[in-house]
Every structure is written in C-alpha cells, then in structure tokens.
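*Asks:* Protein chains in written order, with my numbering: chain Z, 1 to 364; chain L, 1001 to 1541.
It is worth saying that the hints were derived from the structure and are not from the lab. Owing to the predicted nature of the structure, the values given are computational and were not obtained by experimental measurement. Glycine residues also receive a C-beta, built at the ideal position from the N, C-alpha and C atoms. Don't take every hint at face value.
[As the list claims (entries may be wrong)] If you only want the chain L side, here are some residues facing chain Z, beta carbon under 8 Å, derived: (1) ASP1029; (2) LEU1104; (3) GLU1156; (4) GLY1313; (5) THR1395; (6) ARG1404; (7) PHE1484; (8) ILE1485; (9) ARG1487; (10) LEU1501; (11) ARG1503; (12) ASN1508.
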Amino acid sequence: MNTTTKYAATALAAALGVTVLAGCGDDGSAGSGESKGPASKTVTLVSHDSFNVSDKVLKAFTKETGYKVEILKSGDAGAALNQEILTKGSPRGDVFFGVDNTLLSRALDNGLFTAYEAKGLDTVAAETQTDEKRRVTPVDTGDICVNYDKKFFADKKLAPPKTFEDLLKPAYKNLLVTENAASSSPGLGFLLGTIATQGEDGYEAYWKKLKANGVKVVDGWEQAYNEEFSGSAGGKKAKADRPLVVSYASSPPVEVLYADPQPKEAPTGVATGTCFRQTEYAGLLTGAKNEAGGKALLDFMISKTFQEDMPLNMFVNPVVKDATLPELFMKFGEKVDTPPTVAPEKISANREQWIQSWQSLVLK
Amino acid sequence: MVVPVAFFAVFFAYPVTAIVGRGLKAGGDWQFGRLGEVLARPDILDVLWFTTWQALASTALTLLIALPGAYVFARFDFPGKQLLRAVVTVPFVLPTVVVGTAFLALLGRGGLLDEAWGVRLDTTVWAILLAHVFFNYAVVVRTVGGLWSQLDPRQEEAARVLGAGRFAAFRRVTLPALAPAVAAAALMVFLFTFTSFGVVQILGGPAYATLEVEVYRQTAQLLDLPTAAVLTLVQFAAVGGILAVHAVTVRRRERALKLVDPARTSRRPRGAGQWTLLGGVLLTALLLILLPLGVLVERSFDGADGTGGYGFGYYRALQSAGSGGSSTFLVPPLEAVGNSLRYALVATLIALVVGGLAAAALTRRAGPLVRGFDALLMLPLGVSAVTVGFGFLITLDEPPLDLRTSWILVPLAQALVGVPFVVRTMLPVLRAVDDRLREAAAVLGASPLRAWREVDLPLVRRAVLVAAGFAFAVSLGEFGATVFIARPDNPTLPVAVARLLGRSGELNYGQAMALSTVLMLVCAASLLLLERIRTDRSGEF
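Whenever a hint applies, use it, and build me the whole structure from the sequences.
*Replies:* Listed below in structure tokens is the structure:
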C-alpha cells in the first residue's frame, strides 16, 4: 500500500510538471469551453465540419440581437445528424444546421426539431420550402454535378459530356470517377440524380451500362476529387488520370479562389445535365436551452447578411431570392437551371434499398 | 488502483456499454437474437473473413520485413541510428488521413511503382498490406530490437566455441530468448491491423471493409445501432482474445533473462555480409517509410511560389485566416498546432496519472483480477473510436458530467489511447525495481519519503519521461475519437488536415500537405527527444 502511494506520488509529481506547462497555454481552449456564461446570452449552433461563416457576420448578429454564437462541429453531415438523433431531447445546442433533403425525413421522423416559422421566410424560394409544418428552415442549395477537366478535353479535341446519357458514350470510356453512394453524400446525390432521370425502373440498367463504360468508384469525395480527378489542384500533383468526377457545381469557382495567382478561367467545368439538387436545412432543436436565441439565429440565417456571406464560405447557393451572388460565382460558376431531384419522403422510404442494390450492382 | 478503475469505468466502459446496450435493447428487452441474425448475413461474414485474413497477412509481412530491421538496430552501430529510429516510429503516431494520402501518392498512379513498371496498387489489398507494414514497422523494431540489444552476444559466442554452427547457435540460444518478444510484437501488430480503419478506408476503396470500418459505417452513416452493436461485440471478443494471449506472452517475457547494457552489444558492422544486411535494411526503411513521408513534404512545397515552382507559400498561408474574407476556419490553420499541443499536454498528464497509478498497482499486486485489469487497460486500442465517441454523447449528458461540448473531452479521449502506452512502458521498469534496495535504505535509516526519492525516483524517472513522450505523440496524432467530439471551433492538427483535404482548391490541398508536414515534424521531434532519454530497460513499444 505504502509503495503504491509512492508511485502515485511519482506519477503525480511528473504530471504536475506537465500541468505547469499546460497551464501556460491552456487559457484559450479552457475559456471557450466554459464561457457559456448566463445561458440566455449564448446561442449554440451544432453543425457538420463543412460549416463556415465569416467572423464579421457573427459579430453583426451579436450586435443586432445581443446573442453570442458558439459553433460546435462534429464530423461529416451524416455523422453530425446521427449524433443529434442520439442526443434527442438533451441536445448539445439550440439550433442544428446541415440536414439535407437526402436525410431530412430521418430527422423529422425522429422528432428532432420544434416547429418555428422564421421571420422572412416569404423571401425564400418556394421550391425549397418542402416542410409544411415549418420544423425546418431552408438555408442553402447546392448542385451535385459531374465536373470535367477543361485541359484534357481541349487537348483531345473532344467535347465534354453534358448529360447522364452522354456518360455512357464510348468516347468517355474509363474517364469518370464517382464516390461510394453508401458512404459519401455526393456519391448518393449522383445515384439519386440517375434515379430522378432514369426512373426507379431504369436506373439499374443505367448503372450497368455506366459500369461497362468503366466508371471508377472510390470511397469519399476527398479521394475522388484530390487524387483521381485530373482537373483539380491536388489531382494535377497526383498525376491523376480521370478527367470526369462527381463533385459540385460550385467546385470551379473554388479552384479559382484557392489558386495563387488566380487564373483568368476556371480549370474545370460543369456538365450541367448531370446534376442533382441538394437543399440544406436548419431547425430549432427540441429541448433547446435557449429557444429565444435559437429562433433569432434561424431568422438571421435567412437574412441577406448571412445568405450573401455563405457562397464564399461553404460554396453553396443562397435560398433568399434577392441575395446577390459574389462576383466569383457569377464569373466562374455555372448556373444550373432545373436540376432533377427526388422528394424527401420517397428518398426516406427507398434510400437503404437503393443503396443496397447499387452496391451489389456496382461494387461487387 | 481506484483512480484508473474509476477513469476507465466512467470514460470507457460506461459509454461503450451504453451505446452497445442502446443497439441491443428494444423496448426494454435485450435482443440477443440479433447476434445470430447479423452474423448470418453474407455481407457481414465477408467483412469478418477479410478482417481476419488481411490482419494475418499484414502481421506476417510486417515480421518478414521488420525483423531484419530489429536485428540491425539491436546489433549494429551506424551514424544517424538514433535519428533513423525516431523516423521509423513517426508513421506509428501519424494520423491515417495523412498517411493514406501519402501512400496513395506512392502506390497509386504516377507513384514510384507506376513510373518504374507501370504497376499500380491502390484499391488492391497489396496497398493495405504495405501501409500496415509502414505503420507497424516500429512496433517490431522497438519491441524485438529493444530486447535483442540487451541479450548478451557472448552467450551465442560461447555456443559457437562449443562447436555449434552459426545458425544452430542462433536457433538454440538467441531465438528462444527472443521468441516471447516476437510473439508479443506479432500480437500487437495483429491487434492494430485487425482493427485497422483509416488505411483500409482510404487505400482499399469501397470494396474492402474491416470490422472497424463496418462499425463506423453502421453507426455514423446508417445509424443502424443494432448491427453496429453486434459487430462491436464481435470485435470486442476478438480483441479480448488477442489481449489474453498477449498477456501470457508478456509474462513469459518478463522471466529473468540475462540482460546487458545495449551500448555494449552493438558495434560497427564488419565484413561484406554485414554491410550488405545493413544496406538492405536501410534501403527498405528508405523505400517504405521515408519515401511516403517525403512525398508529403514534396507536395507541401510544390507549386507554392506562385509560378508553379517550389516555395513556402502554403506554409505562409497557414498563418492567415484565409483569402478573400473566407476560410476553412475562423482562425489561421497554424493555430491548430497550438490547440494540438495544449490538448496533447493535458492528455499526457491524464494518461500519466491514470497509467502510472495503474502500472504501480499492477506491480504491487498479482492475481487474476489484477491481470484482467491489465488486459482491460489495453482494450481502448481495440475498440472503435466511433463507438467511444458516440458513447460519450449518450452518457456524459448530465451535470456534473455534461462534458459533451467541453474541451476536456478531447484530451480525455486521447488519454484513453495514451494510457496503454504508459502502462506498457512503465510496467517492466517498475517490476524491475528490487524491493531489497528499498529495504536496505530503510534499514540504513531513510524515511519512506527519502527511500522513495533516493531509490525509486531515479530508477523510474526516465521511464516516466519515455511514457510521457509516447503518450504525447499518440495524443497528437489521435483522429478517430477527436473528430466526433463537438467543441467550440478549435480543431486539432489531424482534424484541421482532414478539413483542408475536404475542400477543393490548390491552396487548401497545399496547406493540408504543409500542415501534415508540420505534424510529422512535431511527432518526429518528440520521438527524437525520447531517443535521448531511452531507459536502459526498454518498454514494449
């Protein structure tokens, strides 16, 4: 017993040495974790890892309403939502942002959100307001589309594909890389795009042909885009050899924004006939500690200030009709007019089965 | 004993049990029938089969490639040995997001093999196996090499004087002494590859999945908790089995061997044969370990000077919050370095207290209960991070333990992975402290405190430092559990790298590579520091 105590003391002594070190720099993280203060002054937003907002926009919200926003990010969109479902009734925050139309019914069926009609909802595009009970507020839309490497097609003097049907042509054999529909949200979006255009009876035949035409499937967007796609900055370094990739309609402007120096033209383009529209929603969490703050935040998320800040932070499109797009989007982005989509209830009823049959068709 | 037991009960056993229970309970009744149901599914059987055989193959390949390395590190002296030993350990503590990217660059298209022979190994099982060797090379070199360097070569020489051939002498004298260490290393490699996650996900493509990958998919993507629970239990049973066997081999290893100072056993290689062996091992280490790491470094400079040449542009970009008023973070990515260091320091502190107390308790007492606890401490290495992370969510949700959004949860999760390393490093050293020394001190009139200070402290101080260094490096690289823990936005290095990789654009990709290089350097520096303070009796890692 005595000796145990001694070892304990050794460990503690060593540990204390580290504490002193840790203490020097720990103020930042310790502070932000415990800075809840009076609950009414802080409103907590839970989201996925891709959520982003400018600091000055958050400050504008605080100035306007007196609420300080604390942002909690945990994992990708699917994982973040599932964590909310697990903590239902005792949520970690007040508002959840980042459930899209492919997963919306999972959230609604689990009673994750309390109904609230955000102020200014009348300025939001009507086609995005799919939930009549107002449990969720649409915040942004984004299009999942096949992107192409402009240089590759120019060098080959070949026209890039435009539609889902084009992708089956022999000229595009072994050129396309996509993501696993079971684990990646653009992968699932692309699958749903084929279901929307080819029909529930036709999509399996379509994928059989696509597979015969040499489509490659990798697990996530990062690998597909950065390692396999020859048009992206990462892909160029990796000497990637697939000039077609399933990504977003907003990827070309991003390639421009994050290049130094910025090129005059985006190195990649979008096949506008291969898109699937995603809408992302936010909602007031059931059991939120700061309901008033949460409501104010939802109002703010469809205000012009927030909506016009989003495109360059999350590379999505605003849902508010009169929000102005940044010049970069106007200049380098591709406008996708009426992309196909599938109703959330239908997705929810069939998602697992579609994914299963897609897996046995394409992966095996 | 109370502190470590309480720590593991609250931050490991309780969350894991709760999430598994949630999956197996429907309307208050346990549904054990699920077990059979899930295990009868052909896709699940495929996963089980793949998990097992790839782990066996990875272990065999790792031993084949790393054992000569263990010999060279144990017996030869050559310039740069310390540096190289630190470098080969870097992969072990690097996050898999980083390694996967580096490895793809090597084995994928345009990689070395592709350029030389047009061979591409990405999305084949070979890429997985080679990456596993890359990760676990150090486990064999450190475990087997550590012991090998302390075996007295004169025993083998004596056998040869007595007429035994070179091989017979090795087989009769050295091999039996080494066998338990080889077995222990093999079991650790098997454990790590059996529960492999990032490597399989990135390099294997969608066609291959280990149990761990499947648990992640079922939990995080599909929210199919019953299936995830069954798979967690299966993995639990397998890992428990591996650890039980490991505990037995470790005990056999701690049997008294005549150990000598490693400084006396190694010397410069002599003759063409030994030089060739040394050259071969160095070449393997170079190809297998330095090359993938080098690719990361190369890409962090490539195209960063604004005209497509090499430059420091990505590193400079790490200091700013982003161009055009937008960024992937609210703060400059370089701040992730500070976050990581702070978290890792706190995690190290927790791991040292918990692991140190556990090691002390294990030294003093014996019996099946304590031995069981020994194995229990290793379990976090074999339980999926998503299970632990999601378990935290549903258990630590009431005051005073509503830690779900607290910063302390990150170091706590990291400490779970650090504790086994602390225990395994300190245990052999503590067990070696001769009780008679303390008694002698007491007889000579020393107070218990003084006896502790004069006898115990000098003996264990270095072990504590080594344990701390390992826990620190492991915490720095921990990714799995950290990524599921929501916290006010201050990402750790691996999380920041993953977020940068999750965006298109040259600057983001370049910054991810630069940040990976920074992470690598921090890991390498802390490991190099360890090389300087190595204990005379090396631990098991």
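*Asks:* Is the interface hint satisfied for ASN1508/L? The criterion is a beta-carbon contact with chain Z at less than 8 Å.
*Replies:* This hint holds: ASN1508/L lies near chain Z, its Cβ roughly 5 Å from the closest one there, short of 8 Å.
*Asks:* Min Cβ distance, GLU1156/L to chain Z: is it shorter than 8 Å?
*Replies:* Where the cut-off is 8 Å and the nearest Cβ of chain Z is about 37 Å from GLU1156/L, the hint is violated.
*Asks:* With a cut-off of 8 Å, does the beta carbon of ARG1487/L approach a beta carbon of chain Z closely enough for the hint to hold?
*Replies:* 6 Å, holds
*Asks:* Should the hint that PHE1484/L touches chain Z count as held when the rule is a Cβ pair under 8 Å?
*Replies:* 5 Å, holds
*Asks:* Using 8 Å as the Cβ threshold, decide whether LEU1104/L counts as touching chain Z.
*Replies:* Holds, about 6 Å.
*Asks:* Report holds or violated for the interface hint on THR1395/L, using the least CB-CB distance to chain Z and a cut-off of 8 Å.
*Replies:* 11 Å, violated
*Asks:* Would the hint on ARG1503/L stand, with a C-beta cut-off of 8 Å toward chain Z?
*Replies:* 7 Å, holds
*Asks:* Does the interface hint hold: is LEU1501/L within less than 8 Å of chain Z, judged Cβ to Cβ?
*Replies:* Holds, about 5 Å.
*Asks:* If you take the shortest Cβ to Cβ gap from ARG1404/L to chain Z, is it below 8 Å?
*Replies:* Interface hint status for ARG1404/L: holds (5 Å vs cutoff 8 Å).
*Asks:* Quick one, is the ASP1029/L hint okay against chain Z at 8 Å, beta carbons?
*Replies:* 20 Å, violated
*Asks:* Would the hint on GLY1313/L stand, with a C-beta cut-off of 8 Å toward chain Z?
*Replies:* 6 Å, holds
*Asks:* Tell me if the interface restraint on ILE1485/L is satisfied: Cβ within less than 8 Å of some Cβ in chain Z.
*Replies:* 7 Å, holds
Consistency note: the structure conflicts with the earlier hints numbered 1, 3, 5.
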